[in-house]
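Dock chain B against chain A, hints included.
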Amino acid sequence: MNTLVYDGTFEGLLTAVFEIYERKLYPVKLLKGEWRSGALFEEIIPIVTDEARAGRVLKGLRKKLSAAGVQRLYISHMAEIAGEDCNVLGFIRHVFDSDQNIEEDYGNKYVMRLSEILKMVRREKHRMEAFVRFQKLNDGTFYAAIEPDFNVLPLLIKHFKSRYADQKWMIYDVKRAYGLYYDLHDTQFIEMDFAELNKPINVIAAYSEDEGVYQNLWKDYFASLYIPSRKNTGLHIRHIPKRYWRHLTEKI
Amino acid sequence: MNVDRITEKLNILADAAKYDVSCASSGSDRKNKDKGLGNASNGICHSYTEDGRCVSLLKILLTNHCIFDCAYCVSRKNNDIKRAAFTVQEVVDLTINFYRRNYIEGLFLSSGIFKNADYTMERLVHVAKKLRTEHNFNGYIHLKSIPGANAELMHEAGLYADRLSVNLEMPTEAGLKLLAPDKNRQDMIDPMRFLNQEIIRNTEEKKLFKNAPIFAPAGQSTQVIVGATPESDQQVLQSADYFYKSFNLKRVYYSGYVPVLADKRLPALNTAVPLVRENRLYQADWLMRFYGFHVNEIVNNQNPLLDLDIDPKLSWAIRNMYAFPIDINKADLQLILRVPGIGLLSAQKIVAARKFSGLGWEQLKKIGVAINRARYFITCKSNEFERRDLTGQNIKQFIMAQSQSKYIKNTQTQLNLF
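If you read the sequences in order, they're chains A and B.
Note that our numbering has the first sequence beginning at 13, numbered continuously upward.
Note that our numbering has the second sequence beginning at 7, numbered continuously upward.
Rather than coming from a laboratory, the hints here were simulated on the basis of the structure.
All values reported here derive from a predicted model rather than from experimental measurement.
Any given hint might turn out to be false.
Said to hold, decoys possible - Below, in silico cross-link-like pairs of lysine to any residue (SDA-like), each with a Cα-Cα straight-line distance of 25 Å or less:
| # | chain 1 | residue 1 | chain 2 | residue 2 |
| --- | --- | --- | --- | --- |
| 1 | A | K41 | A | G95 |
| 2 | B | K37 | A | G95 |
| 3 | B | K41 | A | M182 |
| 4 | A | K137 | B | I50 |
| 5 | B | K39 | A | K41 |
| 6 | A | K131 | A | P39 |
| 7 | B | K361 | A | N99 |
| 8 | A | K231 | B | E56 |
| 9 | B | K371 | A | G81 |
| 10 | B | K24 | A | G191 |
| 11 | B | K372 | B | Q399 |
| 12 | A | K263 | B | D57 |
| 13 | B | K88 | B | E237 |
| 14 | B | K189 | B | L272 |
| 15 | B | K39 | A | L167 |
Excised from the complex, chain A in its bound form (with noise of 0.2 Å):
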């Protein structure tokens, strides 16, 4: 077994397939930088990233894939799902193996595999087009916190920036702690210390006068709208998880 440790970029993960192809590595491990003091015992090549290496690889993928194709396979692997780089790497490996386009070679273990990675980040991308729920600073700003699952903050830059082309906007991943922020004109990714912020004193001068008001109204209109008759908890839950609450405006 040859375990090869990269450094989590896209880049990294192509430079890694240029090694495995030209040294004929097989079979082959693939672990992320972080991970490497638990390969203790086993025999690690480091793999430093090669734009050029990359390229190379880049250019093989898309003479055997469509655009879509690609745009898919990247979007999984910057999803960040743990343990799921071997899952990617066989499935670049049966890219190359064959001679046709294999995208929807679903009866394929990989194929299928990356289908499913793919499934769960649009949906995480999906349900925080939902579920943002941005709150009115003093500076006109709209700022939100979110935790997905998945990192796909940078996946929702489209949607949110053809949508609220008129107001600054902020949204921030608390768990990956990094942000979007919008100034009427671009995005750009941005990162913030919140240990003054935090304190209760500051949030609250922080919000706008009508913020309160209009987040009173809509937990009314979310009650409002409940019929108890017809009442169905475990749907209600398979709809939001419970996980999603905490930054839920109606569910606080």
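Just chain B, lined up with the frame of chain A:
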């Protein structure tokens, strides 16, 4: 802003609107214009009530004052409830502020009839117009067309709204006469016909002139209340089929009657909401719209009622065992769509995947096929074939013994309650 008064109005007018089941915010393709607010191209459910229904739009009545006295409606003239009415500006402010916080996809505005149809419709249109022209709001707007309103107003509504709907209320004319003696079926069908013609005309115009104004881009829908009157599922679905075909409706919604009023023409107040029946009607509706089933295959004179214990596709399959088994690796997509336990997406995946290699049980399971149902009706790359010489009734028993239907549990608790 008088917060207490607005809060009270919102409570009254959201409560009165919650029985309208239309919830869709999809089907339009309105884009964000000139860096304005919002777009209507996604169809996102932003929350779910404790009864599991989705919350996608701010669904409210403009007022619950009403000159009609329909037995099934909480806002009926003779019901002793609190009345309220929003001003146009109040609805606009609520919509904009909810939308900016990403609570909603847009507005669903309905209303009790006050004074007369035109007066009411005019105000609904005014709200939509203000949102579009003064606030550059491009979110979704669904307006209820008020039966009897004049054509000019209906036309104007279509210029600002994404979807328009006229509620049929009861599946048949006789049912309507019984419960809503003031209302006339023809008054509901006329605006549907008018809207359909306008939508067709607009589509033609669009082909010729790119800049022609859009008219109700998400089309029209309707809803029927089920279980308040004794119509069979056959009557309900045939009526839906007629409206889909005649007026190009995007959706027919089926609303299981929630007993809210004591009236000797209606089911008693403690009658359970027909949730299972409502669910089966939606499944049947899907079979008609996406799976290529003709309404008479689902319900007919021999089978006027949908099975409550199994879904309508399984029900059709066990009545038509001669059509099976089908070979999953060879059959046309249209046939695969008829297999119980195989949905639209799974069917498409099967047809795509089998070009690479024949599919077996394991792979079908991975693709998302509900094997516990499908295995009696298909063959695949495997020697195992589950059907043996089972009759339709045997299969039904096997499937039911294995599956612990969520609905069976539901019905039981409801029965115990009363």
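Hints, one by one, checked against the model:
no.	hint	verdict
1	A:K41 to A:G95	holds (11 Å)
2	B:K37 to A:G95	violated (39 Å)
3	B:K41 to A:M182	holds (17 Å)
4	A:K137 to B:I50	holds (12 Å)
5	B:K39 to A:K41	violated (50 Å)
6	A:K131 to A:P39	violated (28 Å)
7	B:K361 to A:N99	holds (22 Å)
8	A:K231 to B:E56	holds (13 Å)
9	B:K371 to A:G81	holds (23 Å)
10	B:K24 to A:G191	violated (36 Å)
11	B:K372 to B:Q399	violated (28 Å)
12	A:K263 to B:D57	holds (14 Å)
13	B:K88 to B:E237	violated (32 Å)
14	B:K189 to B:L272	holds (17 Å)
15	B:K39 to A:L167	holds (22 Å)
Checked against the numbered hints listed earlier, the structure breaks hints 2, 5, 6, 10, 11, 13; every other hint is satisfied.
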